[in-house]
Amino acid sequence: MISDITLAFSGDIEQAFCLLRILKYMAEDCDNEQIVVEESIKESYYNFLDSHARTHIFKNIFTQWVCNLHSLNVEPAKLTFLQNRLMDTFLAWIRLALPAEVFENIMAENRPVVDLVFEQLASGDDENVQVAANCLVELMKSSRLAKNNFASFLDLVFAKQEALQELTLRVIASGDCERAEQFTNIFVELGFANMDQIIASGSPLLEVLIALLAMEESACFAQLSFWRNLFRKISKIPDPADRLIKLQHFEGVLVKLITLVVQRTKMDEATFLALNRQSVLSSEFEEFFALRRDLASLLSGICKSCGSMTIYPILSQFLTNALQGESQMSAAGDLVRLYMDLECLLFCCAQLTKNIESGELSNLKDVVLLVQKLIASNGEQPSVCDQYTAMQLQCTNFICTITYALGKFGTEAASEVKQFTEFTLQGFRNAELTLNTSASCFLRLCQDCAEVLSPHTE
Amino acid sequence: MAQILVPEFISTWSYADCYRDIVTGFSFLVDRVSQQDLQRCSTLVPLVAKPLLVPLNEAIMEVHERTCADNLEEG
Chain A
1 MISDITLAFS
11 GDIEQAFCLL
21 RILKYMAEDC
31 DNEQIVVEES
41 IKESYYNFLD
51 SHARTHIFKN
61 IFTQWVCNLH
71 SLNVEPAKLT
81 FLQNRLMDTF
91 LAWIRLALPA
101 EVFENIMAEN
111 RPVVDLVFEQ
121 LASGDDENVQ
131 VAANCLVELM
141 KSSRLAKNNF
151 ASFLDLVFAK
161 QEALQELTLR
171 VIASGDCERA
181 EQFTNIFVEL
191 GFANMDQIIA
201 SGSPLLEVLI
211 ALLAMEESAC
221 FAQLSFWRNL
231 FRKISKIPDP
241 ADRLIKLQHF
251 EGVLVKLITL
261 VVQRTKMDEA
271 TFLALNRQSV
281 LSSEFEEFFA
291 LRRDLASLLS
301 GICKSCGSMT
311 IYPILSQFLT
321 NALQGESQMS
331 AAGDLVRLYM
341 DLECLLFCCA
351 QLTKNIESGE
361 LSNLKDVVLL
371 VQKLIASNGE
381 QPSVCDQYTA
391 MQLQCTNFIC
401 TITYALGKFG
411 TEAASEVKQF
421 TEFTLQGFRN
431 AELTLNTSAS
441 CFLRLCQDCA
451 EVLSPHTE
Chain B
1001 MAQILVPEFI
1011 STWSYADCYR
1021 DIVTGFSFLV
1031 DRVSQQDLQR
1041 CSTLVPLVAK
1051 PLLVPLNEAI
1061 MEVHERTCAD
1071 NLEEG
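From first to last, the protein sequence lines stand for chains A and B. Start counting the first sequence at 1; every next residue gets the next number (our numbering). Start counting the second sequence at 1001; every next residue gets the next number (our numbering).
Since the hints were made in silico from the structure, they are not lab data. We put the beta carbon where it would ideally sit given N, CA and C, even for glycine. Wrong hints could be hidden among the right ones.
Said to hold, decoys possible - Straight-line Cα separation of at most 20 Å, SDA-like style, residue types lysine to any residue; simulated pairs:
#1 418(A) to 1036(B)
#2 418(A) to 1049(B)
#3 141(A) to 88(A)
#4 418(A) to 397(A)
#5 233(A) to 189(A)
#6 141(A) to 194(A)
#7 418(A) to 1031(B)
#8 418(A) to 1028(B)
#9 408(A) to 1031(B)
#10 373(A) to 408(A)
#11 418(A) to 1014(B)
Stated by the list, open to error - Cβ-to-Cβ under 10 Å is the rule here; a few derived chain B residues that face chain A:
#12 1009
#13 1015
#14 1027
#15 1028
#16 1038
#17 1067
Stated by the list, open to error - Some chain A residues judged to face chain B by a derived CB distance under 10 Å, without partners named:
#18 234
#19 235
#20 456
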């Protein structure tokens, strides 16, 4: 069948568009559930695709047409469109999860297609850049599962890494967020492919990822899995001295990464104020809190590999900056911005506290004092937590983690525990907004500080 | 404890996670108090047990109503 349609649609460029469209549907619709086909027929169709991909499709059609591109006498726009269709159809086929053997000789058999992908990454056509980036990302994702079969392809990618970095820095300088997102995906895959090398000696690739993270908010989601994996791997290095040496490669990057993570965990003003009326479980906040959870797990990963006290000085600096000029703040807007900063810092400190080591607890004294100040009402003046539910939730969350640390290290903190418990109990009053968080904090307090609390049960 | 476990608060309870956390928290306290002062413990136990019994009693009443002969006949 493939030979027949190839023969029938290879006469000119218009026929090539038809051929590519047919091939794209063959690849994309094989899993279409709306097309009801008996399972055995489906199976034999998959086998048919697997057995024809390497020679008939990749070599005889994609590679052959890419080789023909330069000899075609067509207008530039049509040529660009043909390049786009070729890459797009190629993408549909590499997404098929074909047997790894199909790609074992990709550089010898399909080099022109791979070169086209790299060439189009630097082109001025947005759609071609996007599809070229997707092709590269997909090939690299496939290479994760079968490194040996993709060895020659990965060698080429690594050889082109420097050029890709320069290209990405130009994209960042241009402020093109959409293209930055595509390059983020490429660099995340490059990071995964280079992971061992990065851990052994660092890489300029990390600086590129950080620059992309600083530029593009959505880059955060795309990069999280890479950074989490990186720090998970570092934390598993058994020899602490070796781990410390490896971490020295990341010093500069780490500070920038943590700074960006802290900034990304900050609520916007609308969310901060809306929490006075709606629960964090509201679907309106779903995306933000999902991102926060992921960032929290990244912070935990960093703490596990570098130690909580590597992060604390950065948070402490943030705290000092946020509190600077606090006494002169009187406008409601200024105070809300201050509380938003503090809420975010308490969230980050809570992640750090979860991973704190014995003896490091006293370093958090300033944060504990801050929480005590935020939860205390001053005469008739309601506390900050009384005014802002977001602050109440975050203070409760921090109390929960610090209590766990107190319990873990058997530290006596009778006065704090009593004040924390009284504050936590206030959260029981609001079943809609604060009860859930306060109840789990109360459980933590009773579990870890029962001895301190038992005299107060009279 | 008596100040927290007031009837208005208890009347809102269900078997949701948050109420389970509160009761579990109290159980840790009761356990600790029982090691120090059994007399005080005997006054605490009913306070903690009551919130558990209120929704349980409601559940029992509901099952009873659904399974009583009159209601079964009505379908």
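Open item on the list: Check the structure against each numbered hint from earlier and tell me which ones fail, lowest number first.
Closed with: 2, 10, 11, 13, 16, 17, 18 and 19
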